[in-house]
Amino acid sequence: MNKRNYIALFFGLFLFFSIKAQTIVEPSPIKWLTIEQADSLFDKNPKPMLIDVYTDWCGWCKYMMKTTFANKGIAGYINTNFYPVRFNAETFDTVTYQGKKYTNPGVGGKPKHDFAKYLLNGRFSFPTIVYTDRKRNLYQIPGYKEIKDIEPLLVYFSEDIYINAKYDEWKTLYEFNYQNVYKEDIAKIDSVNYPDTSGIVLTKSVKDASEACLKNKKPLLIYIYTDWCQSCKVENGIVFKNKVISDLINEKYNFVKFNAASQESESLFGDVFKGTGAGRPHQLSYALLKQSFKFPAFVFISSEKVKLNEMHGFILPYQLEDVLVYFSEKKYKSQSFDEFIKTFKGKIKH
6 MNKRNYIALF
16 FGLFLFFSIK
26 AQTIVEPSPI
36 KWLTIEQADS
46 LFDKNPKPML
56 IDVYTDWCGW
66 CKYMMKTTFA
76 NKGIAGYINT
86 NFYPVRFNAE
96 TFDTVTYQGK
106 KYTNPGVGGK
116 PKHDFAKYLL
126 NGRFSFPTIV
136 YTDRKRNLYQ
146 IPGYKEIKDI
156 EPLLVYFSED
166 IYINAKYDEW
176 KTLYEFNYQN
186 VYKEDIAKID
196 SVNYPDTSGI
206 VLTKSVKDAS
216 EACLKNKKPL
226 LIYIYTDWCQ
236 SCKVENGIVF
246 KNKVISDLIN
256 EKYNFVKFNA
266 ASQESESLFG
276 DVFKGTGAGR
286 PHQLSYALLK
296 QSFKFPAFVF
306 ISSEKVKLNE
316 MHGFILPYQL
326 EDVLVYFSEK
336 KYKSQSFDEF
346 IKTFKGKIKH
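Numbering (my numbering), first residue to last: 6 to 355.
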């Protein structure tokens with residue numbers, strides 16, 4: 006089975022199971038590593054670490070191991086997208102991380118290990134899950150997490166959403182995209198903070214959009230997604246439904262939603278691109294994406310068939326508004342994007 010299909014399959018499963026009560030299952034199917042193993046693997050292929058910091062006497066730590074971490078969907082997603090580590094905050098083992106040795110000084114009752122102190126920034130609370138980004142920055146998330154609580158966190162760090170969005174912003178949009186799962190959580194949100202999803206964005210095929218681009222002189226915007234990309238689902242299910250966003254796209258752009266792994270032949274400005282099969286990206290994906298294959302991706306092309314920009318990663322509604330106006334009004338001809346956003350006042354509040 007293709008690895009990306011595996012991810013999509015199990016992610017759907019743990020969304021389903023999160024509606025139900027926590028079920029006790031053991032042992033956890035997560036393939037736990039030592040910190041030294043994770044450190045070495047990270048050097049070869051940087052991807053986030055998930056470090057479960059626990060103690061032997063912590064009841065909630067044990068319960069989370071038997072419930073949340075025992076869920077096959079959660080475990081499958083963690084095994085694929087993270088380097089998972091369990092670290093006993095009171096161990097007396099010497100550990101090495103980034104060339105530095107850490108020990109337990111053995112001071113006081115239930116003495117804490119120096120590496121736990123480093124991970125938790127001196128604030129001992131158990132369990133705490135420490136996530137690292139691809140630059141090894143640490144993010145401490147204390148407390149027991151049910152399946153539905155950990156889902157948005159896993160996606161937030163594995164798909165690098167923290168780059169553009171604060172966690173609370175992301176969490177709200179994620180919950181509204183899966184309202185059947187998060188009914189109780191949504192009920193606690195003030196209605197004034199509900200995301201606007203009243204808009205309907207109009208799409209064209211690649212062929213029709215590129216032909217229209219030449220005729221109506223509106224830029225072409227190609228949104229590239231994959232079935233396994235979870236932030237793509239939120240971008241599509243919530244962000245594009247913002248009325249300001251949909252109105253901007255419908256009025257100012259020729260818009261395409263394109264599956265990066267599509268097997269259908271596509272015609273862009275008369276050039277034909279084909280699917281490559283075996284779960285590999287479409288020829289059009291290779292042609293358009295020169296920076297990376299990180300999704301979602303946004304490609305802007307002028308009516309002169311000039312590629313203006315490609316953007317990668319999840320972006321919030323107000324951020325997308327900035328970009329849409331910048332390219333549709335051709336502000337790029339006279340100022341940088343950073344200069345533009347210093348004075349631009351959008352319609353979407355944030």
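Treat the hints with care, as some may be off.
Label pairs and their computed distance ranges (CB to CB) [what the hints assert, rightly or not]: (1) A192 - G275: 49 to 59 Å; (2) E269 - Y68: 43 to 53 Å; (3) K338 - S203: 30 to 40 Å; (4) I205 - K122: 34 to 44 Å; (5) K171 - N264: 23 to 33 Å; (6) Q145 - N264: 47 to 57 Å.
The hints are simulated quantities; they were obtained by calculation from the structure and are not laboratory data.
No residue lacks a Cβ here, since even glycine has one placed at the ideal position from N, Cα and C.
If I claimed the Cβ atoms of I205 and K122 lie 34 to 44 Å apart, would that claim hold in this structure? violated, 52 Å
Quick check: does the Cβ-Cβ distance between K171 and N264 fall within 23 to 33 Å? For K171 and N264 the Cβ distance comes to about 29 Å; the hint holds.
Looking only at beta-carbon atoms, does the pair Q145, N264 fall within the given range of 47 to 57 Å? violated, 37 Å
Verdict for A192, G275 (Cβ pair) under range 49 to 59 Å: The hint (49 to 59 Å, Cβ to Cβ) holds, given that A192 and G275 are roughly 52 Å apart.
Hint check for S203 and K338 - Cβ pair distance inside 30 to 40 Å: Once the Cβ atoms are compared, 33 Å apart, the range 30 to 40 Å for S203 and K338 holds.
Quick check on a hinted range of 43 to 53 Å for E269 and Y68, using CB atoms only. The hint (43 to 53 Å, Cβ to Cβ) holds, given that E269 and Y68 are roughly 48 Å apart.
Checked against the numbered hints above, the structure violates hints 4 and 6; every other hint is satisfied.
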